[in-house]
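**Student:** Now for the letters of each chain:
There are 2 protein chains.
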Amino acid sequence: MHRDPIPDLLYTALRDRFGERFSQGESVRLQHGRDESVHAPEPPDAVVFAQSTEDVAEVVRLCRQHHVPIIAYGAGSSVEGHLLAVEGGISIDLSGMNQVLAIHADDLDATVQAGVTRKQLNEALKGTGLFFPIDPGADASLGGMAATRASGTNAVRYGTMRENVMAMTAVLADGQIIRTGSRAKKSSAGYDLTRLLVGSEGTLGIITELTVKLYPLPEAISAAVCPFTTVDDAVNTVIRTIQMGIPVARIELLDALTLTAINRFSKTQLPERPTLFFEFHGTEASAQEQAERVQEIAHEFGGQQFEWATRPEDRTRLWQARHDAYFACLQMKPASRAFPTDVCVPISRLSECIHATNADIAQVSIPVMLFGHVGDGNFHLVVLIDPNNQQEIEQAEWINERVVERALAMEGTCTGEHGIGLGKRKFMVKEHGEEAVAVMRTIKQALDPLGLLNPGKILPN
Amino acid sequence: MHRDPIPDLLYTALRDRFGERFSQGESVRLQHGRDESVHAPEPPDAVVFAQSTEDVAEVVRLCRQHHVPIIAYGAGSSVEGHLLAVEGGISIDLSGMNQVLAIHADDLDATVQAGVTRKQLNEALKGTGLFFPIDPGADASLGGMAATRASGTNAVRYGTMRENVMAMTAVLADGQIIRTGSRAKKSSAGYDLTRLLVGSEGTLGIITELTVKLYPLPEAISAAVCPFTTVDDAVNTVIRTIQMGIPVARIELLDALTLTAINRFSKTQLPERPTLFFEFHGTEASAQEQAERVQEIAHEFGGQQFEWATRPEDRTRLWQARHDAYFACLQMKPASRAFPTDVCVPISRLSECIHATNADIAQVSIPVMLFGHVGDGNFHLVVLIDPNNQQEIEQAEWINERVVERALAMEGTCTGEHGIGLGKRKFMVKEHGEEAVAVMRTIKQALDPLGLLNPGKILPN
Numbered sequence: 008m009h010r011d012p013i014p015d016l017l018y019t020a021l022r023d024r025f026g027e028r029f030s031q032g033e034s035v036r037l038q039h040g041r042d043e044s045v046h047a048p049e050p051p052d053a054v055v056f057a058q059s060t061e062d063v064a065e066v067v068r069l070c071r072q073h074h075v076p077i078i079a080y081g082a083g084s085s086v087e088g089h090l091l092a093v094e095g096g097i098s099i100d101l102s103g104m105n106q107v108l109a110i111h112a113d114d115l116d117a118t119v120q121a122g123v124t125r126k127q128l129n130e131a132l133k134g135t136g137l138f139f140p141i142d143p144g145a146d147a148s149l150g151g152m153a154a155t156r157a158s159g160t161n162a163v164r165y166g167t168m169r170e171n172v173m174a175m176t177a178v179l180a181d182g183q184i185i186r187t188g189s190r191a192k193k194s195s196a197g198y199d200l201t202r203l204l205v206g207s208e209g210t211l212g213i214i215t216e217l218t219v220k221l222y223p224l225p226e227a228i229s230a231a232v233c234p235f236t237t238v239d240d241a242v243n244t245v246i247r248t249i250q251m252g253i254p255v256a257r258i259e260l261l262d263a264l265t266l267t268a269i270n271r272f273s274k275t276q277l278p279e280r281p282t283l284f285f286e287f288h289g290t291e292a293s294a295q296e297q298a299e300r301v302q303e304i305a306h307e308f309g310g311q312q313f314e315w316a317t318r319p320e321d322r323t324r325l326w327q328a329r330h331d332a333y334f335a336c337l338q339m340k341p342a343s344r345a346f347p348t349d350v351c352v353p354i355s356r357l358s359e360c361i362h363a364t365n366a367d368i369a370q371v372s373i374p375v376m377l378f379g380h381v382g383d384g385n386f387h388l389v390v391l392i393d394p395n396n397q398q399e400i401e402q403a404e405w406i407n408e409r410v411v412e413r414a415l416a417m418e419g420t421c422t423g424e425h426g427i428g429l430g431k432r433k434f435m436v437k438e439h440g441e442e443a444v445a446v447m448r449t450i451k452q453a454l455d456p457l458g459l460l461n462p463g464k465i466l467p468n
Numbered sequence: 008m009h010r011d012p013i014p015d016l017l018y019t020a021l022r023d024r025f026g027e028r029f030s031q032g033e034s035v036r037l038q039h040g041r042d043e044s045v046h047a048p049e050p051p052d053a054v055v056f057a058q059s060t061e062d063v064a065e066v067v068r069l070c071r072q073h074h075v076p077i078i079a080y081g082a083g084s085s086v087e088g089h090l091l092a093v094e095g096g097i098s099i100d101l102s103g104m105n106q107v108l109a110i111h112a113d114d115l116d117a118t119v120q121a122g123v124t125r126k127q128l129n130e131a132l133k134g135t136g137l138f139f140p141i142d143p144g145a146d147a148s149l150g151g152m153a154a155t156r157a158s159g160t161n162a163v164r165y166g167t168m169r170e171n172v173m174a175m176t177a178v179l180a181d182g183q184i185i186r187t188g189s190r191a192k193k194s195s196a197g198y199d200l201t202r203l204l205v206g207s208e209g210t211l212g213i214i215t216e217l218t219v220k221l222y223p224l225p226e227a228i229s230a231a232v233c234p235f236t237t238v239d240d241a242v243n244t245v246i247r248t249i250q251m252g253i254p255v256a257r258i259e260l261l262d263a264l265t266l267t268a269i270n271r272f273s274k275t276q277l278p279e280r281p282t283l284f285f286e287f288h289g290t291e292a293s294a295q296e297q298a299e300r301v302q303e304i305a306h307e308f309g310g311q312q313f314e315w316a317t318r319p320e321d322r323t324r325l326w327q328a329r330h331d332a333y334f335a336c337l338q339m340k341p342a343s344r345a346f347p348t349d350v351c352v353p354i355s356r357l358s359e360c361i362h363a364t365n366a367d368i369a370q371v372s373i374p375v376m377l378f379g380h381v382g383d384g385n386f387h388l389v390v391l392i393d394p395n396n397q398q399e400i401e402q403a404e405w406i407n408e409r410v411v412e413r414a415l416a417m418e419g420t421c422t423g424e425h426g427i428g429l430g431k432r433k434f435m436v437k438e439h440g441e442e443a444v445a446v447m448r449t450i451k452q453a454l455d456p457l458g459l460l461n462p463g464k465i466l467p468n
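Protein chains in written order, with this note's numbering: chain A, 8 to 468; chain B, 8 to 468.
Treat the hints with caution; some may be incorrect.
Treat identical chains as interchangeable: a pair holds within one or across any two.
[To be verified] Calculated pairs, EDC-like style, for lysine to aspartate or glutamate (alpha carbon to alpha carbon, straight line, at most 20 Å):
1. K220 - E170
2. K220 - E418
3. K126 - D331
4. K437 - E65
5. K220 - D181
6. K133 - E320
Quick caveat, the hints were computed from the structure, so don't treat them as lab data.
Given only the sequences and the hints, what does the whole structure look like? Please build it.
**Tutor:** As structure tokens, then:
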């Protein structure tokens, strides 16, 4: 569904208000109508580069007068088509809202504008002894990370954006500005609007500022890789580690094919077998104790070759390789696009889930790599397709549906951290039931009766 | 506002459906119309003792036909008048819904009916090596704890109900049953209905089942008390401990008068000075390391007399004394009622907040004790009043308003863990702003258009 053409009156008003920060240029529009997903680009009709909450509110008010959709844009790193202007409209680019507004080192929190990226925040924290741990791989904007309830490699210890956003400023569909939450670590004061906006993908409000939790930099950090003979052995090591309550900071599984991709891309010489990447945070003594315990567990499951990276540069290289896994995989098939899956299951079902998924993978002709944040029961398949080959697209969709159905049957979720966007709407009813999806619709309808905020996302048609 | 009299047709329908599980008896009504708060009881018109989600849905459907309010009742331990039938109606007693439905030891979670209490769950967990940490003092029902976003002594390490409820079954105002969340540790699949219901105090839905996180029992637990010369010294010890990222399981402050009350009530001989109660969880080595570090910090602030309780029975006695602090305080003034306050502030402001509050306390004639979960910046005043003495009530209200205004000025909250209920509605706009409260109202209106679910709570008139 595409709406009526945008009235010239709106363009004029936006141009008057924003001058050069308003653009209808084709390349700007195209850039704002695509993300890292396989979905075909859908450019917005125009882009406004916002510099303040008031800018955002003004765009929303103007668009509302003319019933024109509004899509928030952060770093463009989403992977489920969140940014695509499927009904046209105005994209609000928040990347210019990149001020770190306050660092409260004593309270372990910071308030930032939504366009600040996670790396930028960590740069700003240098010298404070603190860091912001949530790390989805891409250098995403914090507003975008909140909007998609992002997490990543060290959620197993530090939680996701759900646990780490304390407060927000947001612009609602009627152009009102609200503040949610506070800097208190906990509160029982009414409905949790912060958590309602976290994960709402720009469909209930546009996050313009947020206060996030910070953590003391660990005194000691150590990292290691350990190859296993089978995926089962690796997964069982993970399960035992979590069940023993060992507070690992990161515990990531990569399958053999992903290791092949990494070795080619990152010029590493890691054994091309199912491998766990670990990171331990703590005092010298406790980080060492954690590492020893995990090593014992890994031994039980045949993981003997722990390779340690204790120097910061080795650690960085190791984790860079892990973060580059996605791009490394892409190189395995020239001119391919990645179709990522993102299920998360209770950890007791992880082995079974991966096993059955590998049986599916064996049935298709396209390359599929598996890796993920297995400490949380979350893993991805990177299915490489030629976007012009219908058969490959169908194979990828078949694998995705299979793994989602399996995860849901195991009391899991269709998306651990990527969000619903466009591609996973079809699984919403299956995951939540008609009744819960109806409640989501009621909330959307109540807060955005004209359906202007990022239409076509999250809720199925 | 009291509504129209309940139609006989509804009574007949409820009696037909629930037989002896329906009661209009005066003592039953009175018991269901009071909690631990200072608010005068407001009995419901009748009580239904539910045994299943379907029972709850049936009551809601019948009440809805007749536009009659519905109030969920768990253990009756709330402290802000949550249970009071201020507009009459039917109380649904969920205490008979006390089945532990599933313990998934491998996944560290359990699914329970809403009437299961936290102690009952921990009994059921014996032998699994796991425990449920959230401990608000009272043996509250887990449904009630979720509904008020409760926490307590070890939230500093394990979080609150916000972080520990994974999934729910709830009955909505239209009698529909929804399931929210899943057993996956994280998910980005749509609006966070679980977190919307947590803390909604029975005004958006009635929680009938919930899945909560469990934790491995620590290999080692140690506890200690340490008196300080001043509250400032104690608070500074707390602040430093948190800022260093030491993962204390509990760190509680009690003021000198509270210690006097405890010594009288619990027959202890603790120094009657500002005192910190600590608990450390970990491996033998890490619990010891945490304790040593905290001891060093305390030393810096003049806290020299660490007294350890390492045997389980000593630890239990110590924490029992802490948990009895509220009742011990009540004994300090015969026939008194306690007027509790519950602010939570950023930890950097805690010292200043307590200081200024003590200056207020010095201005009134009634006894006021101060204690709380200071690791989170949350503390309570127990203001003892003769409920028939208007002057004392006014003094208590004055202190409460002063401490709330102060907390809000410090970017804190009027309630860290008790909830809004009746008594704190007047602070909602001050804390959240007109705009955010309007959003809460919109959500309430959308999900409960007839205003039948626990009317008169959370939202100001």
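**Student:** So, for every hint listed, does it hold in this structure?
**Tutor:** To see whether the hints hold, each was checked on the structure:
With identical chains, the CA atoms of K220 and E170 are at most 20 Å apart both within one copy (9 Å) and between copies (14 Å). In this assembly of identical chains, K220 and E418 lie within 20 Å of each other by CA distance solely across copies; the values are 15 Å between and 29 Å within a copy. For a Cα distance limit of 20 Å, the shortest separation of K126 from D331 inside one copy, 16 Å, qualifies, whereas the shortest one across copies, 47 Å, does not. When the C-alpha separation of K437 and E65 is checked against a cutoff of 20 Å, the pair qualifies neither within a copy, at 38 Å, nor between copies, at 25 Å.
For the identical chains of this complex, K220 and D181 are neighbours neither inside a copy (29 Å) nor across copies (38 Å), given an alpha-carbon limit of 20 Å. Taking CA atoms no more than 20 Å apart as the test, K133 paired with E320 passes inside one copy only; the shortest distance there is 17 Å, against 46 Å between copies.
This entry does not satisfy hints 4, 5, going by the numbered hints stated previously.
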